[in-house]
Amino acid sequence: MFNAFLQIVRKELLGAFRQQSDILNPIWFFVIVVTLFPLGIGTDPALLARIAPGIIWVAALLAALLSFERLFKDDFIDGSLEQMMLAPQPLTWLVSAKVFAHWLLTGLPILLVSPLLAVFLSLQENTFWALFLTLLIGTPILSLLGSIGVALTIGLRKGGVLLSLIMLPLSIPILIFSTMAIDAATFGQSYIGLLALLGAMLVAAMTLAPFAIAASLRVSVS
Amino acid sequence: MFQCKNLTCVREERVLFNNLNFTLAPGEILQVEGPNGVGKTSLFRLLVGLSTPYSGEVHWQQQNIMLDRDSYYQNMLYLGHKSGVKPELTALENLHYFHHLFNPKVKFDAWEILTLVGLAGYENVPTAQLSAGQQRRVALARMWFSDCPLWILDEPFTAIDKNGVQVIEKLLIKHAEKGGMVILTTHQDLLLPPQLYKKLTLQKPAAGEQYV
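Listed in order, the protein sequences are those of chains A and B. When the letters of the first sequence are read in order and numbered with my numbering, they come out as residues 192 to 413. When the letters of the second sequence are read in order and numbered with my numbering, they come out as residues 855 to 1066.
Chain A with its partners taken away, still in its complex shape (with noise of 0.2 Å):
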């Protein structure tokens, strides 16, 4: 069971790497996004610190929207998903294995660049480790939610701005307290609790998305 986990996750990462403009679309969407907000609005280092956590997670969340497209949509097309589902292994595990390379490919990039932007916006130590956990939790979470979307939209043929209607409300959570979390590091005061609440947002999604995931796939397929 655990070798069909490796081995969905390897043939993402292959594929991937064969196709790179597909990892790379987001990532320099992300960066791109970032880099332009400091040229539009000026190089002033008060007001870029006070906006930065905003902006950062912003262009870290309509990146991962972008990247939704691809995650079970070309494996709809040339049937893989097909045969994914009559796999002996239970659905819920092989989903999660793509939703874990997903994040490979979307959200771990992200967060390697992140001390890039971070001297890019001129932040704070301490600013820039609470985005960089906020990151690190935030992101996983907006893998899982966007797969439930994509999952139950997939066999629409124009199904993007609905995913955008699905995915947006409920990301906006995760938007709320890691913005909050960043605030109250730029304040010097504890965030440990947000992050706390985050965390238990992330194990909450780990454990319950998988089953919508699975679920919404064996409606939309058939």
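Derived from the structure by calculation, the hints contain no laboratory data. Just so it is clear, the structure is predicted and the values come from calculations on it, not from any experiment. Each residue gets a CB set at the ideal place from its N, CA and C atoms; glycine is no exception. Errors might be hidden in some of the hints.
[What the hints assert, rightly or not] As a list, the in silico EDC-like pairs of lysine to aspartate or glutamate whose alpha-carbon atoms are at most 16 Å apart:
1) Lys936(B) - Asp265(A)
2) Lys264(A) - Asp1015(B)
3) Lys936(B) - Asp269(A)
[Claimed, not checked] Among chain A residues calculated to face chain B with C-beta under 8 Å, some are:
4) Val200
5) Lys202
6) Arg209
7) Glu273
8) Gln274
9) Ser413
[As the list claims (entries may be wrong)] Sample of chain B residues with no beta-carbon within 12 Å of chain A, all distances over it, derived:
10) Asn872
11) Leu874
12) Pro880
13) Asn918
14) Glu942
15) Lys961
16) Glu977
17) Ile1006
18) Val1019
19) Thr1040
Put chain B on the given structure of chain A with help from the hints.
The following block gives chain B in isolation, referenced to the frame of chain A:
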């Protein structure tokens, strides 16, 4: 033993077939025939549990497949219209993936199987760059290392040359002689021994029964 009980399929309020019954015993090959649009692919998607029937049940070893998917899927190989082959991966990588996901217990030599399906020398080319028939062969290669007794094949011979069709026919016969079961659709006439071979012809329902 595979049973299909009073199966009715409805698509967009249109009845495709009504009260379909058949039983397949070990060692039998069933060819489903019928004109385009009569519901062959819809029937197959019901048989593998990808869609839910309007009424009726599909049973595998006296168990409704919807209630016990895991044990059914351990025993069933389905090859659909869409091959499930990843175009950006090579033939070898695709086989490797199918092997680990579907038949991890079977020992097999990927090179030997690629030779058998006529893909030797193409193992490191991304499947997107292969011809339609070769891509189909990558998907069909799964039959050579499958230990599942039930094979459900939707148009397996699409884009396959005459020689390839003969090879697959032989494989089907071998599978049936070992006690396996095969359900397939094809528009070609098959050269199979009559004691193993059954046909099921789907027909459009009578005029009064076409709508729900």
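> Taking the closest Cβ pair, is Gln274(A) under 8 Å from chain B?
Replying inline: Because about 4 Å separates Gln274(A) from the closest Cβ in chain B, which is inside the 8 Å limit, the hint holds.
> Against chain B, is Ser413(A) within 8 Å by beta-carbon distance?
Replying inline: Ser413(A) check passes; min Cβ-Cβ to chain B is 4 Å, inside 8 Å.
>> Over 12 Å from every CB of chain A: does Pro880(B) meet that, or does the non-interface label fail?
In response: holds (20 Å)
> Are the Cα positions of Lys936(B) and Asp269(A) separated by 16 Å at most?
Replying inline: Cα-Cα ~6 Å, so holds.
> In terms of Cβ atoms, is chain A entirely out of 12 Å range of Thr1040(B)?
Replying inline: holds (18 Å)
> Is it correct that the beta-carbon of Lys961(B) has no partner in chain A closer than or equal to 12 Å?
Replying inline: The assertion about Lys961(B) holds, with a minimum of 15 Å to chain A.
>> Arg209(A) was flagged as interface toward chain B. Is the shortest Cβ-Cβ separation under 8 Å?
In response: holds (4 Å)
>> Can you confirm whether the C-alpha distance between Lys936(B) and Asp265(A) stays at or below 16 Å?
In response: Between Lys936(B) and Asp265(A) the Cα gap is close to 12 Å, so the pair holds against 16 Å.
> Between Lys264(A) and Asp1015(B), is the straight-line Cα distance small enough, at 16 Å or below?
Replying inline: violated (31 Å)
> Should the label of Val1019(B) as a non-interface residue stand, given a Cβ cut-off of 12 Å to chain A?
Replying inline: Answer for Val1019(B): holds, closest chain A Cβ roughly 21 Å.
> Once the closest CB in chain A is found, is it more than 12 Å from Ile1006(B)?
Replying inline: violated (10 Å)
>> Over 12 Å from every CB of chain A: does Glu942(B) meet that, or does the non-interface label fail?
In response: It is violated; Glu942(B) is separated from chain A by about 4 Å at its closest Cβ, not greater than 12 Å.
Violated hints for the displayed structure, listed by number in ascending order: 2, 4, 14 and 17.
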